[in-house]
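Per mature numbering (1 follows the signal peptide of the UniProt record, and there is no 0), the sequence shown runs over residues -21 to -1, 1 to 260.
To be clear, the hints were calculated from the coordinates, so they are not data collected in a lab. Glycine included, C-beta positions come from ideal geometry on N, C-alpha and C. Do not take every clue at face value.
As the list claims (entries may be wrong) - Between beta-carbon pairs, the in silico distance windows are:
| hint | residue 1 | residue 2 | range |
| --- | --- | --- | --- |
| 1 | A217 | T95 | 26 to 34 Å |
| 2 | K233 | G63 | 15 to 23 Å |
| 3 | K103 | S212 | 25 to 33 Å |
| 4 | L106 | A259 | 20 to 28 Å |
| 5 | A223 | T95 | 17 to 25 Å |
Said to hold, decoys possible - With a straight-line Cα cutoff of 25 Å, these simulated DSS-like cross-link-like pairs (lysine-lysine) come out:
| hint | residue 1 | residue 2 |
| --- | --- | --- |
| 6 | K62 | K123 |
| 7 | K72 | K53 |
| 8 | K103 | K53 |
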Amino acid sequence: MSKRMLSLVGAAAGIAPIVLAVLPAATAGAHGYISSPLSRQAQCAKGEVSCGDITYEPQSVEGPKGLKNCGANKYPELDDDSKGWKVQDVAGKVDFTWTNTAQHKTSDWEYFIGDTQVAKVDGKNELPGDTVTHSVDLSKFSGKQKLLAVWNIADTSNAFYSCVDLNIGGGDGSSGGGTTTPPGTTTPAPSTSAQPTTPSQPTSSQPTTSAPATSEHDHPTTTPQPPTSGNPSASNWAQGTSYAVGDKVTYNGKTYSCLQAHKATDPNWNPESAPALWQAA
């Protein structure tokens, strides 16, 4: 082999690892959180507790599998028990509804109180719907408890985390009630199985007055969708457009109403991904 050919081969070998090094790692496209009963990040999105960046991305509490905290080691405010999270009265079997802004193949969902796994639901390596509801038996617990729910993704090493503050056996047992008392310590009990139920509608999120934060996930710029028939006053959502409270737009065939005046400088602020800025009309 000629010296010139050897030089070319050596140069190519040196470039290869550099090319591999700059290629971005694939990230999970899935996002989700518990919207009913209100999880801590859902309370942030509704403006009931001051939480910082996660206010605009309640669906993005993502971290490695196996964590046992509310903030996935990224959002410490979600682990701050002194923030005055609303505690919701429940009893017996409790329906927990996940709102998924993007789907991904699922390994399973896990539910914990303290170190005790109280339920595990098989995801069967399938894509979940926009909402998923699980009925979890909490009848062996009582008083104020902090429940940790984990959505384990099948084809990545990550999971999504949600914490819900509950008063088990308190009030009328409805999942929508609650007080402003922070949760107490947990009382372990034996695990019980959970059965999926028909998905319910997610709780609408309300805005705060702080500016939206940019998502940590890479998303391509979204192409505006055709307007839905029957809504002549609603225009296509478009990145870079300024919106006022009450403005109506269409996105992926659905109509949304603006909750907070803003300029859509980030593709993640589309109506499907930013529940603090938009709600279904």
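Can the restraint linking K62 and K123 be considered satisfied, given a maximum Cα separation of 25 Å? holds, 15 Å
Using the beta carbons of K233 and G63, state whether their distance is inside 15 to 23 Å or not. violated, 34 Å
What's the verdict on K72 and K53, does the C-alpha distance respect the 25 Å limit or exceed it? Violated: K72 and K53 sit about 31 Å apart, past 25 Å.
Taking the beta carbons of K103 and S212, is their distance inside 25 to 33 Å? Taking Cβ atoms as reference, K103 and S212 lie about 43 Å apart, which means the hint is violated.
Restraint status (C-alpha distance of K103 to K53 at most 25 Å): violated, 28 Å
Evaluate the given range 26 to 34 Å for the C-beta pair formed by A217 and T95. violated, 48 Å
Is 20 to 28 Å a correct range for the gap between the Cβ atoms of L106 and A259? For L106 and A259 the Cβ distance comes to about 21 Å; the hint holds.
Beta-carbon spacing of A223 to T95 - inside the hinted bounds 17 to 25 Å or not: Violated: the Cβ-Cβ distance is about 48 Å, outside 17 to 25 Å.
Hints 1, 2, 3, 5, 7 and 8 from the earlier list are contradicted by this structure; the remaining hints agree with it.
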